[in-house]
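Protein chains in written order, with numbering that gives the first Met the number 0: chain A, 0 to 417; chain B, 0 to 417.
Just so you know, these hints were derived from the structure itself, not from any lab.
Note that beta-carbon positions come from the ideal geometry of N, C-alpha and C, so glycine has one too.
Take these hints with a grain of salt, some might be off.
What follows is a list of derived Cβ distance ranges for each label pair [unchecked claim]:
# : chain 1 : residue 1 : chain 2 : residue 2 : range
1 : A       : GLU354    : B       : ASP347    : 53 to 59 Å
2 : B       : VAL401    : A       : GLU238    : 23 to 29 Å
3 : A       : ILE87     : B       : ASP386    : 55 to 61 Å
4 : A       : ASP226    : B       : LEU367    : 42 to 48 Å
5 : B       : SER345    : A       : SER352    : 53 to 59 Å
6 : B       : ILE344    : A       : PRO348    : 50 to 56 Å
7 : B       : SER345    : A       : LYS234    : 53 to 59 Å
There are 2 protein chains.
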Amino acid sequence: MDRVKRNVIVGQSGGPTAAINSSLAGVYRTAKERGYNKIYGMIHGIQGLLEGRYIDLSEHITNYLDEELLKRTPASYLGSCRFKLPEIHEKREVFDQIFAKLDELEIDCFIYIGGNDSMDTIKKLSDYSLLNGSKIRFVGCPKTIDNDLALTDHTPGFGSAAKYIGTSVKEVIRDGLSLETPHGQIVIIEIMGRNAGWLTGSAALAQGEDCLGPDAIYLPELPFDVDKFVEKCRKGLEEKPSLVIAISEGIHTEDGTYISEFGSASDYVDAFGHKMLTGTASYLANVLASRLGCKTRAIELSTLQRAASHLASRVDIMEAASAGGAAVKAADEGDSGVMIVFNRISEDPYLCSTEVKDVHRIANEEKLVPREWVNEEGDNVTKDFVDYVRPLIQGDVSPVMVDGIPRHLYKPGYEKLL
Amino acid sequence: MDRVKRNVIVGQSGGPTAAINSSLAGVYRTAKERGYNKIYGMIHGIQGLLEGRYIDLSEHITNYLDEELLKRTPASYLGSCRFKLPEIHEKREVFDQIFAKLDELEIDCFIYIGGNDSMDTIKKLSDYSLLNGSKIRFVGCPKTIDNDLALTDHTPGFGSAAKYIGTSVKEVIRDGLSLETPHGQIVIIEIMGRNAGWLTGSAALAQGEDCLGPDAIYLPELPFDVDKFVEKCRKGLEEKPSLVIAISEGIHTEDGTYISEFGSASDYVDAFGHKMLTGTASYLANVLASRLGCKTRAIELSTLQRAASHLASRVDIMEAASAGGAAVKAADEGDSGVMIVFNRISEDPYLCSTEVKDVHRIANEEKLVPREWVNEEGDNVTKDFVDYVRPLIQGDVSPVMVDGIPRHLYKPGYEKLL
Numbered sequence: 000m001d002r003v004k005r006n007v008i009v010g011q012s013g014g015p016t017a018a019i020n021s022s023l024a025g026v027y028r029t030a031k032e033r034g035y036n037k038i039y040g041m042i043h044g045i046q047g048l049l050e051g052r053y054i055d056l057s058e059h060i061t062n063y064l065d066e067e068l069l070k071r072t073p074a075s076y077l078g079s080c081r082f083k084l085p086e087i088h089e090k091r092e093v094f095d096q097i098f099a100k101l102d103e104l105e106i107d108c109f110i111y112i113g114g115n116d117s118m119d120t121i122k123k124l125s126d127y128s129l130l131n132g133s134k135i136r137f138v139g140c141p142k143t144i145d146n147d148l149a150l151t152d153h154t155p156g157f158g159s160a161a162k163y164i165g166t167s168v169k170e171v172i173r174d175g176l177s178l179e180t181p182h183g184q185i186v187i188i189e190i191m192g193r194n195a196g197w198l199t200g201s202a203a204l205a206q207g208e209d210c211l212g213p214d215a216i217y218l219p220e221l222p223f224d225v226d227k228f229v230e231k232c233r234k235g236l237e238e239k240p241s242l243v244i245a246i247s248e249g250i251h252t253e254d255g256t257y258i259s260e261f262g263s264a265s266d267y268v269d270a271f272g273h274k275m276l277t278g279t280a281s282y283l284a285n286v287l288a289s290r291l292g293c294k295t296r297a298i299e300l301s302t303l304q305r306a307a308s309h310l311a312s313r314v315d316i317m318e319a320a321s322a323g324g325a326a327v328k329a330a331d332e333g334d335s336g337v338m339i340v341f342n343r344i345s346e347d348p349y350l351c352s353t354e355v356k357d358v359h360r361i362a363n364e365e366k367l368v369p370r371e372w373v374n375e376e377g378d379n380v381t382k383d384f385v386d387y388v389r390p391l392i393q394g395d396v397s398p399v400m401v402d403g404i405p406r407h408l409y410k411p412g413y414e415k416l417l
Numbered sequence: 000m001d002r003v004k005r006n007v008i009v010g011q012s013g014g015p016t017a018a019i020n021s022s023l024a025g026v027y028r029t030a031k032e033r034g035y036n037k038i039y040g041m042i043h044g045i046q047g048l049l050e051g052r053y054i055d056l057s058e059h060i061t062n063y064l065d066e067e068l069l070k071r072t073p074a075s076y077l078g079s080c081r082f083k084l085p086e087i088h089e090k091r092e093v094f095d096q097i098f099a100k101l102d103e104l105e106i107d108c109f110i111y112i113g114g115n116d117s118m119d120t121i122k123k124l125s126d127y128s129l130l131n132g133s134k135i136r137f138v139g140c141p142k143t144i145d146n147d148l149a150l151t152d153h154t155p156g157f158g159s160a161a162k163y164i165g166t167s168v169k170e171v172i173r174d175g176l177s178l179e180t181p182h183g184q185i186v187i188i189e190i191m192g193r194n195a196g197w198l199t200g201s202a203a204l205a206q207g208e209d210c211l212g213p214d215a216i217y218l219p220e221l222p223f224d225v226d227k228f229v230e231k232c233r234k235g236l237e238e239k240p241s242l243v244i245a246i247s248e249g250i251h252t253e254d255g256t257y258i259s260e261f262g263s264a265s266d267y268v269d270a271f272g273h274k275m276l277t278g279t280a281s282y283l284a285n286v287l288a289s290r291l292g293c294k295t296r297a298i299e300l301s302t303l304q305r306a307a308s309h310l311a312s313r314v315d316i317m318e319a320a321s322a323g324g325a326a327v328k329a330a331d332e333g334d335s336g337v338m339i340v341f342n343r344i345s346e347d348p349y350l351c352s353t354e355v356k357d358v359h360r361i362a363n364e365e366k367l368v369p370r371e372w373v374n375e376e377g378d379n380v381t382k383d384f385v386d387y388v389r390p391l392i393q394g395d396v397s398p399v400m401v402d403g404i405p406r407h408l409y410k411p412g413y414e415k416l417l
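For reference, chain A alone in the conformation it holds in the complex:
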């Protein structure tokens, strides 16, 4: 006899992306199709759930158009959190509180969309369910622009950010060719990814038949030497009037000091006695200007790079939705303590399938760019890197334009929930 299906709850966790809401749409669609009753959304993840904050998603996704809008809405529709559960033996009462809430809501499947920290949540909750004999299934759905999750070929959110970065860097390179400056000019573009260089390396996507690409790319995986960097720029300006260089926010010296720390040293104090913070790119732009006497500009792609739904990758958005669906399917079919991963079956044509993997092997792990995908000098990525990223940025998800601006999903009073 078929078991009676009760409810599903889904949460979003960690940094927002352009694709995380597409996974949410995928969870919703598959849970509906598989006959679940209610699909709840945690507001601000597990932290909100602990405070009793959740919504009935069917009040927000009322038709197929809403689903399509949700796929095109950046950031976390449900709100996110960076809440790390305690170890089970340290504070059991937190877990009891969560399971009581889940039982009250008659939850069968708990889906959490997030990165490595979020997979720690899935790990601990599924571990605890073994202890307390709960039948709830806990499944993780991968998400992070940083692309640093273990065991999966890549993560939803990365492809769209990479497409935005490649496009924006290319536009900035063109811009740099416009005006001649007496002593040359250097633009430093600062890109997210404190430990993993996947996003920074994606600046190489700008290179093609119509663009020489960035003049150097510095990933956080390798130590950064300020003097060598200045020398590289000095030589570069002898050959070209305009350089564009991509750096990770997380570049650091051999001894582990972040370059950003140089820019925020305590000697930068403003008139009020406040410590001034300067970003990595700003700091390096200042160094270059004073050492080489050239014009410099620092551009931080900041949250623009993770929120740029208007330039999302179709492959990314569709894969994000299917990861959400696969998470529900896995939980529905009995899996728990697993995460959905992508498995690249073929390079050409690009083909990926989803699988489930034990979340114990994923949580708190970090996948970095392999050394062999960076050139010998350590100042650019190789063709293998670009070949790996290229399929993930293919295709467009045309925004739903209303009066000249992309439309997002929004229900009356939406912001009051967050």
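Here the structure of chain A is known, so what remains is to put chain B in place on it, guided by the hints.
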């Protein structure tokens, strides 16, 4: 008897935009259709011409696809300059040199695509042609993201930048709703336009049925009071956990001191003794963090906002092309010392026609945002402002995507020219 048509020369001047190459495409198309022989392009504007640097555009635009790619290529295809001609009575020899070059190239029409400084070039050259009896016609084609040219309803380049700003600000606002922070968070977005607030005001386009829009907008036309600003933010955080505020790069105090000067005061000196420069947004983010104890983030839209061809406005790109065509038509029909302007015939439906206006009334003038289009408190724009901008951001110019990234026009050896 029809006069024998000889050659046209066209140059681009001032800051690059997403639409300036569309005007170049328009010049090329109309000059061809009107039977001109060669169409030359100055490399880096009048400065390059003085050095004998120019190309035959037909070697770059070889078919209709090239024209379409050119319309979608950001920055200045020909390279730009910020060269100001001397007064005629100060240095006649510069003018003699230019006219000798133009005569050598058998030029009938000289088209210059640019902003107020560039119109000064058209003014002086057409004035000089009256003195030396030259038959060359000098016509200006408007271009500037700043939208600060006199006598024209708006300028090509502005609409695309405004569309990018409205969209990006909206995405950043959504991003800001994702994560809860204990003491709230404030994002400051710094937008171009040192004297004119048209671009900064366009942040208001983010507001709609699905977005509350920015919480405050500060234009450079009104004095900026740091204390009032901090107080506004303090009150804002009492009502909302996440604020997004748009500021112009040119905001300044009552006595004319730019806020950016506070951030680059001489007391910010790094370990090498170099003066550190901080942007306006970074400075204000630092002030807010220390005075209010909230999380802050500074985002400078930098050159991204003027180079974002991937999100160009169709109205803007098409108008830019027609302005280029209208410039050639005007010159062909005998006008000189004029600029093409846009005249808004109807608001609803939006309808603009082109006209010619005496460049003497435009050069070196600056059109600012009228006081009545800013609210009483001076911290946001009015509905009239948005109603004025809205038609200019309508429609899309779908980028020609190749392997996931927008394609630009590029001919072998192109970069060597610049």
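To see whether the hints hold, each was checked on the structure:
{"no.": "1", "hint": "A:GLU354 <-> B:ASP347: 53 to 59 Å", "in the structure": "holds, 55 Å"}
{"no.": "2", "hint": "B:VAL401 <-> A:GLU238: 23 to 29 Å", "in the structure": "holds, 27 Å"}
{"no.": "3", "hint": "A:ILE87 <-> B:ASP386: 55 to 61 Å", "in the structure": "holds, 59 Å"}
{"no.": "4", "hint": "A:ASP226 <-> B:LEU367: 42 to 48 Å", "in the structure": "holds, 46 Å"}
{"no.": "5", "hint": "B:SER345 <-> A:SER352: 53 to 59 Å", "in the structure": "holds, 55 Å"}
{"no.": "6", "hint": "B:ILE344 <-> A:PRO348: 50 to 56 Å", "in the structure": "holds, 51 Å"}
{"no.": "7", "hint": "B:SER345 <-> A:LYS234: 53 to 59 Å", "in the structure": "holds, 57 Å"}
In this structure, none of the earlier numbered hints is contradicted; all agree with it.
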